[in-house]
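Residue strings, one per chain:
2 protein chains.
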Amino acid sequence: MSHYPSSLLKLIKHLSRLPGIGEKTAERLAMHIIRSSRKEAESLAASILEIKDKIRLCERCGALSDREVCDICSNPHRDESLLCVVEQPADMVAVEKSGAFKGKYHILQGALSPMNGIGPDAIRIQELLHRIREGRVKEVVIATSTNVEGEATASYIADRLESYAVNVTRIASGVPMGGDLQYVDPVTLQRAMDTRRAV
Amino acid sequence: MSHYPSSLLKLIKHLSRLPGIGEKTAERLAMHIIRSSRKEAESLAASILEIKDKIRLCERCGALSDREVCDICSNPHRDESLLCVVEQPADMVAVEKSGAFKGKYHILQGALSPMNGIGPDAIRIQELLHRIREGRVKEVVIATSTNVEGEATASYIADRLESYAVNVTRIASGVPMGGDLQYVDPVTLQRAMDTRRAV
Numbered sequence: 001m002s003h004y005p006s007s008l009l010k011l012i013k014h015l016s017r018l019p020g021i022g023e024k025t026a027e028r029l030a031m032h033i034i035r036s037s038r039k040e041a042e043s044l045a046a047s048i049l050e051i052k053d054k055i056r057l058c059e060r061c062g063a064l065s066d067r068e069v070c071d072i073c074s075n076p077h078r079d080e081s082l083l084c085v086v087e088q089p090a091d092m093v094a095v096e097k098s099g100a101f102k103g104k105y106h107i108l109q110g111a112l113s114p115m116n117g118i119g120p121d122a123i124r125i126q127e128l129l130h131r132i133r134e135g136r137v138k139e140v141v142i143a144t145s146t147n148v149e150g151e152a153t154a155s156y157i158a159d160r161l162e163s164y165a166v167n168v169t170r171i172a173s174g175v176p177m178g179g180d181l182q183y184v185d186p187v188t189l190q191r192a193m194d195t196r197r198a199v
Numbered sequence: 001m002s003h004y005p006s007s008l009l010k011l012i013k014h015l016s017r018l019p020g021i022g023e024k025t026a027e028r029l030a031m032h033i034i035r036s037s038r039k040e041a042e043s044l045a046a047s048i049l050e051i052k053d054k055i056r057l058c059e060r061c062g063a064l065s066d067r068e069v070c071d072i073c074s075n076p077h078r079d080e081s082l083l084c085v086v087e088q089p090a091d092m093v094a095v096e097k098s099g100a101f102k103g104k105y106h107i108l109q110g111a112l113s114p115m116n117g118i119g120p121d122a123i124r125i126q127e128l129l130h131r132i133r134e135g136r137v138k139e140v141v142i143a144t145s146t147n148v149e150g151e152a153t154a155s156y157i158a159d160r161l162e163s164y165a166v167n168v169t170r171i172a173s174g175v176p177m178g179g180d181l182q183y184v185d186p187v188t189l190q191r192a193m194d195t196r197r198a199v
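Which chain is which? The protein sequence lines are Y and W, in order.
Just so we're aligned: 111 in the numbering used here is position 111 of the first sequence, and the numbers increase by one with no gaps anywhere.
Just so we're aligned: 22 in the numbering used here is position 22 of the second sequence, and the numbers increase by one with no gaps anywhere.
These are calculated hints, taken from the structure and not from any lab test.
No experiment lies behind these values; they were computed from the predicted model shown.
Accuracy of the hints is not assured; some may be wrong.
Since copy identity is lost for identical chains, a pair holds within one copy or between any two.
Derived lysine-lysine pairs resembling DSS-like cross-links, with alpha carbons at most 30 angstroms apart [said to hold, decoys possible]:
no.	residue 1	residue 2
1	K102	K24
2	K97	K52
3	K102	K13
4	K39	K13
Just need the whole structure built from these sequences, with the hints factored in.
Right, here's the structure in full:
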């Protein structure tokens, strides 16, 4: 590596700090940038800077946004009586892609994890309760992950919401659609069996 | 994807143009850049621009360099009677890493490939002959790849150099060091057998 010119070494070092990018991949990416046009390299660099200038968290729901209040929060056509609670911005995007939800979101920015010192005050639970107190939400759909932290977060939120006049629901878990039953793990299958419903 | 703010979409689009980076990876990289400090993002962007400003091909050997003449070409301690011919800058780096060569390099910037319309004029063969004519080179070590194009390029160069007073050699091919014989492909093994030497 030290046989490359220093400006190239510097770029390789920067690129290999990105997640999932090893030294070999960083080397290949840097070579590509060297071969690409000046204009392409400039627009890549500019979009990296632009994102630091523009992207912030929506002050209402916590989604990534380039405005103070995000598109979904400021959209009058979205049902504000329905509130979907997720852990991360990417989870919200996954739900949006499904097209199955027309309400609004609340992004916790994490999940409870006492082992890692993440308690209720470290994620946006107070902000959630505040939104519920405003009185327009009728149903809270908890869509945290189905791992230990996500399930614990879901129970904690359900408990906290007990004293409010809202319905609290949890997205269903079970066998994924299109899944071959023989490859479904036992825990998922057990859950699918326990929560079976009439046809 | 369209559920992300536009500046984020733009960065994801730019990143997914890099080789080996799909849309999912680009999304993950962009999220990492969002979470990283402003200073880190700025130095990544700056090093992308810097490389376009500084990196050029050494006008003598064709290696990547941040000067007109690269470090190796301008190093008086490198043996200028020995010239190693490689296809790509990365191949030169591989030879340098081995520590086995103390001469100078000539980077062809490609290999002959008549099928793809790459003839002798498309790679730096004239420049090579020009360097040989200067008379200081005593041995040309051809270190092109051992695939069809690399072998064809090696033969072509050997033919062209016949009329010059230089020794032309080819790096050895055979079983890789540390390799388990049972996993070596038949073509390599055949070559290793044909070019066996006395111990």
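* So which of those numbered hints doesn't the model satisfy? -> none
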